[in-house]
Every structure is written in structure tokens, then in C-alpha cells.
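*Asks:* Below are the chains, spelled out letter by letter.
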Amino acid sequence: MRLSFIPQEDKFFELFTQAGNNLVKIADALVDLLENWTNIEAKVQLITDLERAGDAVTHEIAALLHKSFVTPFDREDISILAHTLDDVADFVHAAADAMFIYRITRPTERSQELAAVIREAAGEIAKALPLLRRRKDLTKVFASCVELNRLENKADRISRQALGELFEDTKDTAYIIKWREIYEHMEIATDRAEDVANVLEGIALKNA
Amino acid sequence: MRLSFIPQEDKFFELFTQAGNNLVKIADALVDLLENWTNIEAKVQLITDLERAGDAVTHEIAALLHKSFVTPFDREDISILAHTLDDVADFVHAAADAMFIYRITRPTERSQELAAVIREAAGEIAKALPLLRRRKDLTKVFASCVELNRLENKADRISRQALGELFEDTKDTAYIIKWREIYEHMEIATDRAEDVANVLEGIALKNA
Amino acid sequence: MRLSFIPQEDKFFELFTQAGNNLVKIADALVDLLENWTNIEAKVQLITDLERAGDAVTHEIAALLHKSFVTPFDREDISILAHTLDDVADFVHAAADAMFIYRITRPTERSQELAAVIREAAGEIAKALPLLRRRKDLTKVFASCVELNRLENKADRISRQALGELFEDTKDTAYIIKWREIYEHMEIATDRAEDVANVLEGIALKNA
Numbered sequence: 007m008r009l010s011f012i013p014q015e016d017k018f019f020e021l022f023t024q025a026g027n028n029l030v031k032i033a034d035a036l037v038d039l040l041e042n043w044t045n046i047e048a049k050v051q052l053i054t055d056l057e058r059a060g061d062a063v064t065h066e067i068a069a070l071l072h073k074s075f076v077t078p079f080d081r082e083d084i085s086i087l088a089h090t091l092d093d094v095a096d097f098v099h100a101a102a103d104a105m106f107i108y109r110i111t112r113p114t115e116r117s118q119e120l121a122a123v124i125r126e127a128a129g130e131i132a133k134a135l136p137l138l139r140r141r142k143d144l145t146k147v148f149a150s151c152v153e154l155n156r157l158e159n160k161a162d163r164i165s166r167q168a169l170g171e172l173f174e175d176t177k178d179t180a181y182i183i184k185w186r187e188i189y190e191h192m193e194i195a196t197d198r199a200e201d202v203a204n205v206l207e208g209i210a211l212k213n214a
Numbered sequence: 007m008r009l010s011f012i013p014q015e016d017k018f019f020e021l022f023t024q025a026g027n028n029l030v031k032i033a034d035a036l037v038d039l040l041e042n043w044t045n046i047e048a049k050v051q052l053i054t055d056l057e058r059a060g061d062a063v064t065h066e067i068a069a070l071l072h073k074s075f076v077t078p079f080d081r082e083d084i085s086i087l088a089h090t091l092d093d094v095a096d097f098v099h100a101a102a103d104a105m106f107i108y109r110i111t112r113p114t115e116r117s118q119e120l121a122a123v124i125r126e127a128a129g130e131i132a133k134a135l136p137l138l139r140r141r142k143d144l145t146k147v148f149a150s151c152v153e154l155n156r157l158e159n160k161a162d163r164i165s166r167q168a169l170g171e172l173f174e175d176t177k178d179t180a181y182i183i184k185w186r187e188i189y190e191h192m193e194i195a196t197d198r199a200e201d202v203a204n205v206l207e208g209i210a211l212k213n214a
Numbered sequence: 007m008r009l010s011f012i013p014q015e016d017k018f019f020e021l022f023t024q025a026g027n028n029l030v031k032i033a034d035a036l037v038d039l040l041e042n043w044t045n046i047e048a049k050v051q052l053i054t055d056l057e058r059a060g061d062a063v064t065h066e067i068a069a070l071l072h073k074s075f076v077t078p079f080d081r082e083d084i085s086i087l088a089h090t091l092d093d094v095a096d097f098v099h100a101a102a103d104a105m106f107i108y109r110i111t112r113p114t115e116r117s118q119e120l121a122a123v124i125r126e127a128a129g130e131i132a133k134a135l136p137l138l139r140r141r142k143d144l145t146k147v148f149a150s151c152v153e154l155n156r157l158e159n160k161a162d163r164i165s166r167q168a169l170g171e172l173f174e175d176t177k178d179t180a181y182i183i184k185w186r187e188i189y190e191h192m193e194i195a196t197d198r199a200e201d202v203a204n205v206l207e208g209i210a211l212k213n214a
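Chains as they are written, first to last, in the numbering used here: chain B, 7 to 214; chain V, 7 to 214; chain L, 7 to 214.
The set of hints was computed from the structure by calculation and includes no laboratory data. Treat the numbers as computed from the prediction; the structure is a model and nothing was measured. For each residue, glycine too, the CB sits at the ideal point set by N, CA and C. Check before you lean on any hint, since a few could be wrong.
[Stated by the list, open to error] Some but not every residue of chain V turned toward chain L, in silico, with C-beta under 8 Å:
1. Leu169
2. Phe173
3. Thr179
4. Leu211
5. Lys212
[Claimed, not checked] Derived lysine-lysine pairs resembling PhoX-like cross-links, with alpha carbons at most 25 Å apart:
6. Lys212/B with Lys212/V
7. Lys17/B with Lys212/L
8. Lys212/B with Lys73/V
9. Lys177/V with Lys177/B
10. Lys17/V with Lys212/V
Construct the complete structure from the given sequences, taking the supplied hints into account.
*Replies:* Laid out in C-alpha cells, this is it:
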């Protein structure tokens, strides 16, 4: 039985569950930053710390791959899944970090909407990852894939509106350049969440 | 015989042929938008509709993968090919959409040149995809790969000229920011067309 | 013995060694451009020539793949490795090219720092590639992977500082737009160097 309780395999699932939970935490921290715009430096620092915690999990997965003879899925899929989860956290961090670097004075409504979508996507990923543990649950990830696709489309729509408004609302091009970058990072975070969905779909296709 | 007339396999080739034809339509629509700059909203809407039609084909391919026991190529290659074709359409759409969102008042010559290159690349892809159907035709995709590479280089050259001119021609930075984004989307569309070439090359390498 | 002296296999290793050495040359040329800001056009032309030499090696690897029945690693890994090495050179070239296109009048300190990091990353890649030749050396690439990861983080830190300073130092948005693009290309070059590390890691995982 390929997905039985081999302890090493269990460890992979634990690490992916950790990575999913960490993604929820970093998305929560982004929502908090944008909804309660105070103590910016400390909140961005928290996001940076969570992003590093995510990095550590990614490296633990890679290290476990190095020393495992048996893996629950293809080695490459495990590696790509770990890196793609990491990418989501990276772009959330990049968005928060840009707000700090560019000394943004207050969040826009559109950035709050995008943070909410990212939080939804993170929750969906955290819900899907534990499904990898049991072969009979694998096909349930397809529902999360559809939802992550929908969220990416939603983020895309919001960021397009945001960009259009930016040029209409102000002539301050430094402001425009800064917010375009922040919106872009947030939108890419949801793109990467959709990439996670694609990897999950691939794993389910091959193993269900 | 692996590439024989198994109906399910045939369906994959039909869908890829559809995806290729759809790419030609969306590229034609982009050329029409830029060459006949009228009814912008309706023309951008047509491009949006074609992009969604492409999405639907991508999802049909994914659904067919889910339920097929036998596939003409590796499942992952089929999945990546579908997603990369989708990416080309996405960036054509992103370019057209940016022109609409940013209320562009008239196209530049460089954008017309880039649209022509995208149209050529789409035609090349539509020509290459039906070659997947017969094992003996597989190596013929290499010629299309070379051509798609050439077109990507051409698009790169045009967009670099376009960017240089942009800063020389105007001090209006809002205009510069908008056109840089449009050029970037168009250039990435040709990058993704080259990625399609790389996937096709990989499939041919493994199966010819 | 899979990694024995089969001449065709040897040729792969030679080409990868060439690609690595070419990367060092192009990084050296970038450092020279930024540290000795004279004869800009000739120096950018040299970088363009080196990027094309790298392209030629990539195509030689692809051609060798086409005609080889036996390959030292998975065909796809060889193909991805070649393309990722190419990407590093492409972004170095894109950075240098942008300086030329945008008629940059003098380099910034941050761009000099980034060039130094790129040079280090290129050196690390050139050191790691020959390790592919012997199965017993494969696990030694992990040390280079860690180092390439560290360099990517360093480049990220520098480019973030650079971007923050850009908005504080000047109100000239054309200047800001130009340098943001140059910094971005340089930072992506180190991202791609980290991607090279990831491919190398994958090859080592599968073959060590």
C-alpha cells in the first residue's frame, strides 16, 4: 500500500500541513496590516518572520527528500509543490515589504480587497493540503482547484480596476509607480496560489 | 500502437487544434484592434470572450485528462502544453485590456508591429499543434520551434526599440508607464509562444 | 555504468561547462561595464555577443539531445538546465541593454553591488556544473545550492534598498522608471541563478 503509515511519508504530510497553516498566518498578518494601519514596521516584520518560517519548512521538505528512499508522490512534484507554496508567501511578503520600503502612508480600498482574496486563497490551500494524505481523498482537491482559479480571476479583476483608477485619481506618478508594484505583488500571490492548485491537480491526476 | 485511432486520444488532438485556432482568432482580433482603432470597447470585449473560450478548452483538456486511462503523451506534458497555450492568450488579452483600462487614445506603430509578430507566432503554433497527431510528423515541430524562437527575438527587439523611443518622445510619465505595461504584455505573449515551442520540442524528443 | 566515458555523454558535460564559463564571462563584462563606465556601446555589445554565444551553446545542447539515444540525466532535466542557464545570461543582458537603451549617464552604487553578487552567483554555477560529471560528486552541488540561495537573498536585499532610495533621492520619475527596470533585471538574474540551483538539486536528488 503506497500511502500507508510509513513514518517518513507522514512527515511529508505534516510539513505540507505546516506550510499551509503558515500561509494562513501570513495572509492574516497582511489583512491585519491593511485593515488596522498602525505599527507598520512591526507588522511588516511579522510578515517577514512568517515568510522565513515558510522558507524553513520548504528547506525541511527538501532535506527530507534528500534522505528519503520512499516518497508519497514523485520527488519532483513534492519539490515543486514546496517551492510554489513558498512563492505565495514570498509575494505576500513582497507586497507588505514594498509598502514599508516606499513609506506608504495609508492603504487603498483595493489593496484591502486584494488582501481578503489572498486570505481566502490561503485558507483554500490549507484546506486542500491535508487531502494529500489519503489516496481516497485526492480527487477532493479538484474542488479547491476550481475555487483557487475563481479567486485568481477575482484578484485579477480587482487589480485591473485598481490600476485604472490609479491613473484617473492622481497625477502623482511616484504614487502610481509604488501602488502598481504593490498591486502587482498581491495579484501574483494569487497567481501562485493558482499554480499551487495546478500542482495539486497534477498530483491527484497521477496518484488518485 | 500508441498513437493509433483510440477515440479518447483523438479528442486530445481535437482540443489542441481548437486551442491553436482560438489563438489565431485572438491574435487576429488584436491586429484588428490596433490596425482599425474604432469600437475599442467592443473589440476588447471580443478578445476577452476569446480568452475565455480558450480557458474553456484548457479546462476541457484537464477534464479529459482526469477521466482518461490512456493519454497520447505524458499527462504532465499535456497539462503544461494546455496551460502554456492559455498563457499566450492571457497576455494578448492583458495587452488589449490594459489599452482599455488606461483609456489609450491611439495605438503606436510599435504596438502594431508587435501585434503582427504575435499573429505570426499564433499561426506557427496553430500549424505545429496538428503535427502531434502522428508520431512520424513529430519531428516536424522542430522547424516551428526555430521559427517561434526567431519571432520571440524579433518581438524582443521591437519592444526594446519601443521602450527607448518612449522616453525620448515624451515627458508624460503616465503615458510612459501605460505603454511600458502594454509593450511588456505583448512581449511576454511571444515569450510564452516560445515556451509552447519548448514544450512541443520536449514532447517530440520523448515520443518521436 | 551510467556515467562512464561514453563520448556522447561527455559532450553534454563539456557543453554545460562551456555554458558555465560563458556565464562567468558575461558577469565579468557586466562588472566591467559598471565599474569602468566608458565605451558603453562597445561593452554592451560585448555582453550581447556573449549572450548570443550562450544561446548557441543552449541550441547545441538541444541538438545533442535530439540525436542522443542515451543521456546522462533525464532529457527534460538537461533541457530545463540549459534553458535556465540561458535565462541568467538573458537577464544580465537585459540589464546592460536597458542601460544602453535608456541612455543611462552613470551607474549607481547599488547597481555595482548587484553586479558583484551576479558575478559571485555565476562563479558558483561554473563551479557546480562540472560536478555533474561524476555520480560521486553529485551531492556536492548541494553546497552551491545553499550559496546560490544566499546570493539571491542578498541581491533581493540590495535591490529593495535601491528601490527605496530611488524614490527618496529624486523626483525625476523617468529616472525612477529606468532604474527600477535595471534593478529588476539584475535581481531576476539572481533569481534565475537560484532556479539553476533548484534544477541541479533535482538532478542530484534523482541521480546521486
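*Asks:* So, for every hint listed, does it hold in this structure?
*Replies:* We went through each hint and held it up to the structure:
no.	hint	verdict
1	Leu169	holds, 6 Å
2	Phe173	holds, 6 Å
3	Thr179	holds, 4 Å
4	Leu211	holds, 6 Å
5	Lys212	holds, 6 Å
6	Lys212/B with Lys212/V	holds, 19 Å
7	Lys17/B with Lys212/L	holds, 20 Å
8	Lys212/B with Lys73/V	holds, 11 Å
9	Lys177/V with Lys177/B	holds, 13 Å
10	Lys17/V with Lys212/V	holds, 21 Å
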